[in-house]
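Please model the complete structure; the sequences and the hints are all you need to start from.
Protein chains in written order, with numbering that gives the first Met the number 0: chain P, 0 to 304; chain D, 0 to 322; chain E, 0 to 338.
No lab work stands behind these hints: they were computed from the structure. Honestly, I wouldn't trust all of these hints.
[As the list claims (entries may be wrong)] Straight-line C-alpha distance at most 20 Å; calculated EDC-like pairs for lysine to aspartate or glutamate:
1) P/204 <-> E/88
2) P/204 <-> E/90
3) E/153 <-> D/277
4) E/139 <-> E/154
5) P/204 <-> E/105
6) P/204 <-> E/188
Note that the structure is a prediction, hence the values are computed from the model and not measured.
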Amino acid sequence: MVRLLVSRLLQSLVALWGVTVLIFFVTRASGDPALLLVPPQATDAEVAEVRKDLGLDESYVVQYAKFLEGAVRLDFGDSYRNRRPAMDLVKERMPATLQLAVGAFVFAIVVAVPVGVLSAVRQGGWFDRFGKAVALLGQAMPSFWLGLLLILFFSVRLKWLPTGGRDGWDSYLLPTVTLSSYLIAVLVRLIRSSMLEVLRSEYVKFARLRGLSEYSVVMKHAFKNAAIPIVTVAALLFAAFLTGAVVTETVFSWPGIGRLAVSSILARDFPVVQAIVLLSATIYITTNFLVDLAYLWIDPRIRFS
Amino acid sequence: MTTAQPVMEIKHLTKHYATGSPWSLRKSRTVHAVDDVSFQLGTGETLGIVGESGCGKTTVSRVILGLVPPTDGQILFQGSDISRLSRRQRHDYRTEVQAVFQDPYGSLNPRMRVSDIILEPRTVQRRLGRREAKQLSGELLESVGLPGSMGTRFPHEFSGGQRQRLAIARALSVNPSVMVLDEPVSALDVSIRAQVINLLMDLQQERGLSYLLIAHDLAVVAHSSHRIGVMYLGKLVELGPSRDVVTHPLHPYTQLLLSAHPVPNPNVRPTPKQTNSELPSPINPPSGCRFRTRCPLAADVCAEREPEFRELEPTHWVACHMR
Amino acid sequence: MTDVEARPNVALEIDDLTTVFRSRHGVVRAVDGVSLEVRKGEMLGVVGESGSGKSMLCLSIMRLVPGPAGRIESGRVRLGGVDLLRLTEAEMRQYRGRRIAMILQDPLMSLNPVYSIGNQINESLRIVHPGAGAKERVQKAIELLRSVRIPEPKDRLKAFPHQLSGGMRQRVCAAIALSGPPELLLADEPTTALDVTTQAEFLRLLRDLRDDLGVSIVLVTHDLGIVAQNCDRVAVMYGGRIVEEAPVRRVYSGPRHPYTALLLRSVPSLETQTLGSRLIPVDGTPPDLSQLPSGCRFAPRCPLADARCHAEYPPITEIESDHHSACWKPGEVASLLEV
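And the structure:
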């Protein structure tokens, strides 16, 4: 088991290094940022000056070494646009994104688990039909559309909640619901089908034959097994929330990473883009590692193999 | 039955599997699925291989069918080593040696018509005209005891026993000389098994087929085979004419299998013998004789040396120190 | 709830039980008017092929017919004078695992892979002995594992199902089933997935449970050899009905239903005089429950069948003392065995 963990950890580090290489060269391949920073009528000498300032005049190998060394210290250099450390910009945006992501994730779990489980237990009944409708709607409706509808109804018509921004507890409600809708739909569908499969298993049959209560059969014996295939999906979607929910943030003018990422890409602000991409990659890789840990905890077949 | 010239000769067949992925840091371990197994299959003979799960009988059949390469040893088909065949010859080998598997539900494509299914091995060789195909499928269906007109139907319209007949017809379509029958009746209802066993025996008589019959049911094997080989944990421990093996088994494991077999006769009481039924791991098989951990006769020598497989009585071979 | 005085030597009395399934081809009677008694301390073999209704009979007794497609339509299932079919679900749960237990065919799948053996035994013990403390339950769990002859029972409590062999897992299932201990144990093909030597040992365990603890056992199987060597009486099922019921020795020496006779004759045996000879098969195919013939269900495959057999279903009757058969011509069955 320790071996398994160590090997996973090493794999994660290799993957992370691969990401740094990729980020570095892909951003370099997309055009010269110096041209964006100088006025259109600037002379070649002026452009060269700017390139020198930014360290773009050195060889790629040197640039990459510098980049990697900085990345280890979480230093990606200054933003080209507003001349502040890129990481500071990202850090400023982090709390907003984190709050939204955690909120939406918790909300999704709280809604999707009971709906998915009950749909499976009452297969074919009216609740199941409700669950399937939730799953279909949530996956079919684009989040910008859902967000706009919610704003129209709760903010414009009822004037209960603000249309956007991030101040006061009530500004969290609509973005959270919007962001979680897709995850709810995915989870309801997955939990339902996974539960249905497990409920047909021999060990569930045997649990009933032993005289266990229906609650214990469903929640203890069925749910833990049904959760195994769901953990991965839930965790990766959570990671996606953390690295920016671009559409939701845009619709609700939410000051998060997603919007920062978009504006930085459009401005070819390499240091910020690199910081965000590396941060995203780290979050994904960490999440994957945590998923592996979760499997070790849930599934003894992996723990002892 | 057995002629001087065996159709197939298995020499020192060994198959080891490595466990664990090449990426993991764990040291990979070796599963000794089959270890140094040798036997011959005579022309027109049925050789039954029995043994419990993990004994390697299915691995033997997979190697013979060319589904997995052997780790060591040779398989001679009509005298030539199948690992040294040209591409052309290998293709011929694959048609000469056909297989029928346990599960008549999984092995037939549900979306294909029965005539297409049973002619599939044939059409791989050469495309058939519509008329020719119809006639051939009719003949094949009749040869396995089904109405020749059933070719236009789909597999789900057939019962388990009929599906196994279809699987047999498919194997026969290329006129093989050897058939590997891997648990051909164990998934079938009891009242259907005799029908399929009789069919297989009739086909052997008519066509001079050689069968390698792999099964866990000793009665099925003893009844339909000329000779029986008993495997335990990757080793062939006994080999001899069916009657001899059943009436005076030489290896203690064969004796255990026979005593455990439930006899449909209430006057024969089950033997109350207590044995350790836990199978040792094939990753780390016991030293010397692999059966010694469960053997009532085991002595010191059994742990020290591997017993030699020898012909204790004419045509009756056994690997046991205590004999 | 006690509607009839319980008969002293009868553990379970099944009366005219019918269980139906809705399917694409209409309503299928998986168990069709079955009457059967299990006597105290006996091992009753229930023999049948797939679709004969033998597993569904057990699930009906446990009242766990998989819904919503399946349901028990009518009948009585009396345990100690109480009709189980009239209990509420909550009341029925007091019987499951305590007074009647059931083990299933596939020991590899019967135990939950994510909980330890100890956890799963403990869970059953908590229901069966609600007053017992945690320490007492661990002690009891070790005793149970020992009673099914699992070596080093204390260490096994921490093991997970995948760490045990198939035979060991089936013993754990038996240990759980015995936690009551139950008056009645239903064993649905308990050894079909096991190797023959493991099977022999598990069957010996069942015989000992019967002989030492007096547990009444219903052993469902398709293997006539298993029944012959382990059971006291046997009920043969075909197409959802019982066609023959009698003490084992009687059935094997003089079957009174053609299906039993032909089945016995068709099984390959290790008897040396018949080795290599041609088997005598039962012709035809097992019945399709959605298209049952109007008369005797076995008539299409029966060499004795005449017009009456095809038209009218023969009721199960006591042909001689303690020997029941559902055949119009029980006297002619013996002729089928003369080859």
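Output the numbers, in ascending order, of every earlier hint that fails for this structure. No numbers; nothing is violated.
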